[in-house]
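**Q** Sequence:
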Amino acid sequence: LPRPAAPPIVAPAPAKPQAAEVALIADPTSNKPMVVATLDHATDQVMLTPMGMKMPQGRDAELWIIPEGQKAISLGVIPTNAPKRIPMPEGLRGEGTYTALLAVTDEPIGGSPTGVATGSVRAAGKFLKG
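Take 11 as the starting number for the sequence shown in the numbering used here and just add one per residue.
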């Protein structure tokens, strides 16, 4: 008797990578983008790409995330001339990401000495849900 043909082997579909969300962090007066922030869900990191952002002499750019209805949390001093990856804070992953505001302030060299923003807001924006 002939044997039935073996069923075809079907490879599982590759897992869809989670989409990355993007925030344009723009100058509040001119709306000119200063930083593009790309959120990578796979690593829970944000890739920051500056776009011609300038700080006053003797000042550093500091990135803040401001969860809706809460105080600003510093994500650290960021370069104005080179990309940088930073981790998202533990409590700000998932849906909270989309309601939080990202802001860049000019701070003394090394960042805010008080843990709260002391300088002017140079750019702000939110992640857009993909």
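Hints may be right or wrong, so weigh each one.
To be verified - Derived lysine-lysine pairs resembling DSSO-like cross-links, with alpha carbons at most 27 Å apart:
(1) Lys81 - Lys42
(2) Lys64 - Lys136
(3) Lys94 - Lys42
(4) Lys94 - Lys81
(5) Lys64 - Lys94
(6) Lys42 - Lys64
(7) Lys64 - Lys81
(8) Lys136 - Lys94
(9) Lys81 - Lys136
(10) Lys136 - Lys42
Claimed, not checked - Estimated spans, in silico, between C-beta atoms of each pair:
(11) Pro99 - Val131: 12 to 22 Å
(12) Ile119 - Gly79: 25 to 35 Å
(13) Glu100 - Gln67: 13 to 23 Å
(14) Pro123 - Ala52: 15 to 25 Å
(15) Pro118 - His51: 16 to 26 Å
(16) Pro66 - Val126: 11 to 21 Å
(17) Met61 - Gly86: 26 to 36 Å
Hints are computed from structural coordinates only; laboratory data are not their basis. Yeah, the Cβ is synthetic: ideal placement off N, Cα and C, and Gly gets one too.
**Q** With a cut-off of 27 Å on the C-alpha distance, tell me whether Lys81 and Lys136 pass.
**A** holds, 16 Å
**Q** For the pair we were handed, Lys64 and Lys94, check the Cα-Cα distance against 27 Å.
**A** Judged against 27 Å, a Cα distance of about 16 Å means the pair holds.
**Q** Range hint 25 to 35 Å: satisfied by the CB atoms of Ile119 and Gly79?
**A** holds, 31 Å
**Q** Against the 27 Å threshold, does the CA-CA distance of Lys81 and Lys42 hold or violate the hint?
**A** holds, 25 Å
**Q** Go ahead and decide if the range 16 to 26 Å is satisfied by the Cβ distance of Pro118 to His51.
**A** Given range 16 to 26 Å: violated, Cβ gap about 34 Å.
**Q** Quick one: are Pro123 and Ala52 within 15 to 25 Å, going by C-beta?
**A** violated, 35 Å
**Q** Starting from Lys136, check that the Cα of Lys94 is at most 27 Å away, please.
**A** holds, 18 Å
**Q** For a C-alpha distance cap of 27 Å, please report whether Lys64 and Lys136 respect it.
**A** holds, 20 Å
**Q** Holds or violated: Lys42 and Lys64, Cα atoms, limit 27 Å.
**A** holds, 12 Å
**Q** Does the hinted range 11 to 21 Å hold for Pro66 and Val126 at CB?
**A** holds, 19 Å
**Q** Can you confirm whether the C-alpha distance between Lys94 and Lys42 stays at or below 27 Å?
**A** holds, 20 Å
**Q** Within a Cα-Cα threshold of 27 Å, do Lys94 and Lys81 meet the stated pairing?
**A** Holds. Lys94 to Lys81 sits at ~24 Å (cutoff 27 Å).
When held up to the earlier numbered hints, the structure conflicts with 13, 14, 15 and 17 and fits the remainder.
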